[in-house]
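So the protein sequences, as listed, match chains A and B.
Residue 249, in this note's numbering, is where the first sequence stops; the numbers in between run on with no holes.
Residue 272, in this note's numbering, is where the second sequence stops; the numbers in between run on with no holes.
There could be a bad hint or two in this list.
[Claimed, not checked] On the chain B side, residues computed to face chain A include the following (Cβ under 7 Å): (1) Phe26; (2) Ala74; (3) Arg86; (4) Glu101; (5) Ser103; (6) Val112; (7) Leu118; (8) Val122; (9) Gly125; (10) Thr129; (11) Pro132; (12) Gly181; (13) Tyr232.
[Claimed, not checked] Covered stretches of chain B (chain A as the covering partner; in silico rule of three or more C-beta atoms under 8 Å from a C-beta of chain A): (14) 63-73; (15) 104-110; (16) 182-193.
The hints are simulated quantities; they were obtained by calculation from the structure and are not laboratory data.
Computed from a predicted structure; not experimentally measured.
Backbone N, C-alpha and C fix where the C-beta goes; we use that ideal spot for every residue, glycine too.
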Amino acid sequence: MSWSADEMMTVAAARALRDGDRCFVGIGRPSTAANLARRTHAPNLVLIYESGTIGAKPATLPLSIGDGVLAETADAVVSVPEIFNYWLQPGRVDVGFLGAAQIDRYGNINTTVIGEDYRDPRVRLPGAGGAPEIAASCREVIVIVKHSPRTFVERVDFVTSVGYGGGPGDRGKLGLTGRGPVLVITDLGVLEPDPRTAELTLTQVHPGVEPAHAVEATGWPLAVAPSLRVTPDPSAAELSALRLLERQD
Amino acid sequence: MGVIASLPDAIAELVRDGATVALEGFTHLIPVAAGHEIIRQGRRDLTLVRMTPDVVYDQMIGAGCARKLVFSWAGNPGVGSLHRFRDAVQRGWPAPLEIEEHSHAGMANRYVAGATGLPFAVLRGYVGTDLPAQTATIKPITCPFTGEVLTAVPALNPDVGIVHAQRADRAGNVQMWGITGVHKEVVLASRRSLVTVEEIVDELDPRPGAVILPTWAVSYVAEVPGGAHPSYAMGYSERDNEYYQAWDAISRDRETFTAWLKEHVLDRVRVT
Numbered sequence: 001m002s003w004s005a006d007e008m009m010t011v012a013a014a015r016a017l018r019d020g021d022r023c024f025v026g027i028g029r030p031s032t033a034a035n036l037a038r039r040t041h042a043p044n045l046v047l048i049y050e051s052g053t054i055g056a057k058p059a060t061l062p063l064s065i066g067d068g069v070l071a072e073t074a075d076a077v078v079s080v081p082e083i084f085n086y087w088l089q090p091g092r093v094d095v096g097f098l099g100a101a102q103i104d105r106y107g108n109i110n111t112t113v114i115g116e117d118y119r120d121p122r123v124r125l126p127g128a129g130g131a132p133e134i135a136a137s138c139r140e141v142i143v144i145v146k147h148s149p150r151t152f153v154e155r156v157d158f159v160t161s162v163g164y165g166g167g168p169g170d171r172g173k174l175g176l177t178g179r180g181p182v183l184v185i186t187d188l189g190v191l192e193p194d195p196r197t198a199e200l201t202l203t204q205v206h207p208g209v210e211p212a213h214a215v216e217a218t219g220w221p222l223a224v225a226p227s228l229r230v231t232p233d234p235s236a237a238e239l240s241a242l243r244l245l246e247r248q249d
Numbered sequence: 001m002g003v004i005a006s007l008p009d010a011i012a013e014l015v016r017d018g019a020t021v022a023l024e025g026f027t028h029l030i031p032v033a034a035g036h037e038i039i040r041q042g043r044r045d046l047t048l049v050r051m052t053p054d055v056v057y058d059q060m061i062g063a064g065c066a067r068k069l070v071f072s073w074a075g076n077p078g079v080g081s082l083h084r085f086r087d088a089v090q091r092g093w094p095a096p097l098e099i100e101e102h103s104h105a106g107m108a109n110r111y112v113a114g115a116t117g118l119p120f121a122v123l124r125g126y127v128g129t130d131l132p133a134q135t136a137t138i139k140p141i142t143c144p145f146t147g148e149v150l151t152a153v154p155a156l157n158p159d160v161g162i163v164h165a166q167r168a169d170r171a172g173n174v175q176m177w178g179i180t181g182v183h184k185e186v187v188l189a190s191r192r193s194l195v196t197v198e199e200i201v202d203e204l205d206p207r208p209g210a211v212i213l214p215t216w217a218v219s220y221v222a223e224v225p226g227g228a229h230p231s232y233a234m235g236y237s238e239r240d241n242e243y244y245q246a247w248d249a250i251s252r253d254r255e256t257f258t259a260w261l262k263e264h265v266l267d268r269v270r271v272t
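Given only the sequences and the hints, what does the whole structure look like? Please build it.
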């Protein structure tokens, strides 16, 4: 079976979720990947959407976070203040699953504005939503984003959600309770923070991708791990589950 | 008291030029018809409050109702950007739009503070982000017990809070269920409120887990079947996804948008 780069990215993101994890999911690619994980290796994955549905088990991909299919299949439906104050803030969620418009070498994320001047932006993006507190409070964060020099920038124009700030130790100084972004999964490969420098480093490429391609698609001199791994091919089961999901979308 | 009124009468009574107005609905039960009525009545200089300004706020901003937007995520959910919002922020069309920007957790807590009658709320949020530097309503506060530095956000008490719900009875008691977001908080935080409902019934059937707003906690109730279209109204209608997708093209161009607004909002009078 052949596959697209987008499909490889979604499968790789799904594999990063462990069975039984409590996962805070955004609509779009994170939701697709989390639902794929629940249909393959992680049937007990707990999907939490910021609209207040906990343990949603949708049969089809939700069109938005207000989709009735999430409420009907959830273990509980709670208010928005409750989802943030009772469930997210105290650290009851294992994984936060985020996208990004820009991400920098320390895993800081921008979804607010492109351009230096917040009051006179080149591009106005949707804004923060739940992301700042998801990035702060989930035990760990996984980012899924397409790889390009416009997205992978030396410094984000605006810090909407904190990764490792300006380097090692910054999260602790800021009092952020979660570990921060442990994986950045792209259509080319996987980046992980270097344990010493906290800098995102290419640790894995998808099948057929040259490391140089990922370096070119990154807006800073991307470090490549000496023990670079190659992502195992998507299995037929993964691909057919993903295609079934997306057809229903 | 939840006085039963027509939508035009309730909007005319509640929403004045310059008012701070919150239309809420976390992608479910969005009071779209009420937003259209505000556009038809030509309200100006509104401070529009909403966690997730989406298509109906894009329409209100493009129609020139808004002077300021207080929000935490502005987008066309599941589709992409809001082009009228972007045009107002980036190019000042049809009027410059002042923004006061938060995160979802911050906005939710501002409503909670408003509903509880306290001046502010406390959360462990925003730290390390660039938001506090741009938003005057995000401030550090030291816990008097532990010394931990936390974040304070002031209460939101809109002049008018508007939501859509499934049902009300003839006395004006409101019942809603499913994803109810910040519906209860915004109604309780607002000085006056309007709830549009799918139907008014003689008696509300008990539904476990449903949110009830007793008539004395609501100012007006208007029966507006389909009043959440194109958003969901659980038990009544599904999301009209084609509408959301079509909005992307309609809203990209000022002229296309203006023609759409005239045909679908300004020239269309609701008979409810």
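Each hint tested on the structure:
A least Cβ separation of about 5 Å between B:Phe26 and chain A falls short of the 7 Å threshold, and the interface hint therefore holds. Hint status for B:Ala74 relative to chain A: holds, with the closest Cβ pair at about 5 Å, below 7 Å. Because the beta carbon of B:Arg86 sits about 5 Å from the nearest beta carbon in chain A, less than 7 Å, this interface hint is met. The interface hint given for B:Glu101 holds, since its Cβ lies 6 Å from the closest Cβ of chain A, which is under the 7 Å cut-off.
Taken as an interface hint, B:Ser103 checks out: its beta carbon lies about 4 Å from the nearest beta carbon of chain A, inside 7 Å. For B:Val112, the shortest C-beta to C-beta distance to chain A is roughly 5 Å, which falls under 7 Å, so the interface hint holds. For B:Leu118, the interface hint is violated, since its Cβ never comes within 7 Å of a Cβ in chain A; the closest pair sits about 13 Å apart. Evaluation of the B:Val122 hint against chain A yields a violated restraint, the C-beta minimum of about 10 Å exceeding 7 Å.
Interface restraint check for B:Gly125: the shortest CB-CB distance to chain A comes to about 5 Å, inside 7 Å, so the restraint holds. Hint on B:Thr129 holds. Least Cβ distance to chain A is approximately 5 Å, under the 7 Å limit. For B:Pro132, the interface hint is violated, since its Cβ never comes within 7 Å of a Cβ in chain A; the closest pair sits about 10 Å apart. Checking B:Gly181 against chain A: minimum C-beta separation of about 5 Å stays under 7 Å; hint holds.
Taking 7 Å as the C-beta cut-off, the interface hint given for B:Tyr232 holds, the closest approach to chain A being about 6 Å. Given as covered by chain A, the segment 63-73 of chain B passes the check, having 3 residues with a CB less than 8 Å from a CB of that chain where 3 are the minimum. With 4 residues carrying a beta carbon less than 8 Å from a beta carbon of chain A, the segment 104-110 of chain B meets the three-residue requirement, and the given coverage holds. Counting residues of the segment 182-193 of chain B whose beta carbon lies closer than 8 Å to any beta carbon of chain A gives 3, which meets the minimum of three for the stated coverage.
Of the hints listed earlier, those the structure fails to meet are numbers 7, 8, 11, in rising order.
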